[in-house]
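*Asks:* If you read the protein sequences in the order shown, they are chains A and B. Quick note on the working numbering: the first sequence kicks off at 1 and runs consecutively. Quick note on the working numbering: the second sequence kicks off at 1 and runs consecutively.
Simulated from the structure, these hints should not be mistaken for laboratory data. Accuracy of the hints is not assured; some may be wrong.
[What the hints assert, rightly or not] Heads up, simulated DMTMM-like pairs for lysine to aspartate or glutamate below, C-alpha to C-alpha not over 25 Å straight-line: (1) A/K136 to A/D66; (2) A/K329 to B/E152; (3) A/K329 to A/E181; (4) A/K329 to B/E3; (5) B/K170 to A/E177; (6) A/K329 to B/E137.
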Amino acid sequence: MIDTIVTPLLKIAILLNAVLVAVTFLVLMERKVIAWTQSRLGPMRVGPHGILQALADPIKLILKEDITPAKADKWVFTLAPIMSLVPALVVFAVIPFGADPLYYVSDINVGLLFIISMTSIGVYGIILGGWASNSKYPLLASLRASAQLVSYEIAVTMTLVSMIVTAGSLSLVEIVEAQREAGVWFGFIQPVALGLIFIGGLAETNRVPFDLPEAETELTGGFHTEYSGMRFSLFFLAEYANIIVISAIVVIMFFGGWMRPFPNVEVLSFLDLIPSWIWFVMKIFVFLYVFIWIRATFPRYRYDQLMGLGWKVLMPIAIGNLVVTAIVKVLL
Amino acid sequence: MVEAIAFYTLAALILGLAILVITARSAVHSALFLVVDFFFVAVMYVSLGAEFVAVIQILVYAGGIVVLYLFVVMLVSLKREPEQHADTRRLKFQGMLLAGVVLLELVGIGAYAAARDSAPVVARVAVDIPVQGGNTEQLGWVLYTDYLIPFELASILLLVAMVGAIVLAKRSLD
Chain A
1 MIDTIVTPLL KIAILLNAVL VAVTFLVLME RKVIAWTQSR LGPMRVGPHG ILQALADPIK
61 LILKEDITPA KADKWVFTLA PIMSLVPALV VFAVIPFGAD PLYYVSDINV GLLFIISMTS
121 IGVYGIILGG WASNSKYPLL ASLRASAQLV SYEIAVTMTL VSMIVTAGSL SLVEIVEAQR
181 EAGVWFGFIQ PVALGLIFIG GLAETNRVPF DLPEAETELT GGFHTEYSGM RFSLFFLAEY
241 ANIIVISAIV VIMFFGGWMR PFPNVEVLSF LDLIPSWIWF VMKIFVFLYV FIWIRATFPR
301 YRYDQLMGLG WKVLMPIAIG NLVVTAIVKV LL
Chain B
1 MVEAIAFYTL AALILGLAIL VITARSAVHS ALFLVVDFFF VAVMYVSLGA EFVAVIQILV
61 YAGGIVVLYL FVVMLVSLKR EPEQHADTRR LKFQGMLLAG VVLLELVGIG AYAAARDSAP
121 VVARVAVDIP VQGGNTEQLG WVLYTDYLIP FELASILLLV AMVGAIVLAK RSLD
């Protein structure tokens, strides 16, 4: 009873709260890092160095008026933010924060496929939100988003297949253990795949330079133009949760997940004093920083360049990488 | 007992949602019900122990194909009222006829399965290969050995469809 119901529920509750709190601070981190990149200070008023801005923003968003446009499809308009956020949070169920079963909610044997399928569900939030608003800019944005996400999903999935071939498993726990056995992080074996997944991850999360679905200079905000208050913030929570998910996938697949650097070297075993989940979170933060860094420095792609990059560059490389990986795997 | 309750609840949900798909007034609502329906079908696969098929069901159908449906539905105008058919009696008759044919087909399949009374293919295969870490390995094994030719034929069919679609689209552009 305790093992089957109470412990998992407790873990889920802790994990969900941790992710949502992390998202609010991620927004603050993004504003700060971009400000520093541009020689500004960023939020400074709320708390020391603006640290309490992360609490002020959610309160503001909850208190704001929630408007539904008169001509909107009410049901779908309400459903869209939910369909955007839920898949982004469900994914955390299979992400392992440590080798011990205490550190993950579940280790299903198709973990990686589960993540891919859940992220492919997330696109509904954007498509439906844009359509249900019954307004031209959101509709344009959602058409762009669906085309973009469907295109990049293929390249990302192809690349993940080559990683599955490398690791020999679909379970995220076993993929990390495979890196311990190989004695090297897969990021060094599969640098091409790492690049592809990182670029694809930027596109899947609608981040700069692939943020066409919410290009504010062209679309007055994109698919969430008509949304306000808490429903708007649900879209934002989903977007930032997805960034954390992509960073976690990159860390698990390419940088040894929860393991300390050089897990097979005895001399460095004092590093085990730091618990595995802290290693994992630290590695994730490195990639969150890279995400923000890219946003601060890159201009946006033009739409045809974006589609051309996805179909004519990333996809052939992904397929070629898969073929080469399979051949090497058979030969060794 | 628990399995039977789960099965009938799921079956009722799947069929009920399927009815909602065809009765919904708005095409977008139809597509949404279809997505939820696919989810419950995936749950059915999980209850049968086929996790791989369940996840692929969500990935391909809910995550891929219905997205493309929605894409098309959003591009066509949905503001128009449904057309008034001149001869509703004939339409109703045709519908009844089609429903009858489908019912006959279902009964035929059921009768054939009952008459043959053989163990399902999956159960036969599961004996040969050791079960380790779910049935993903087994599925891959069977797909590339016993069912290699049907599998390759299906891929060629998809390739032909893809080339055909590109040719059609190109001709209208030039």
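*Asks:* Could you run down the list of hints and mark each one as holding or not?
*Replies:* We went through each hint and held it up to the structure:
no.	hint	verdict
1	A/K136 to A/D66	holds, 20 Å
2	A/K329 to B/E152	holds, 22 Å
3	A/K329 to A/E181	holds, 15 Å
4	A/K329 to B/E3	violated, 41 Å
5	B/K170 to A/E177	violated, 48 Å
6	A/K329 to B/E137	holds, 17 Å
When each numbered hint is compared with the structure, violations occur for hints 4 and 5.
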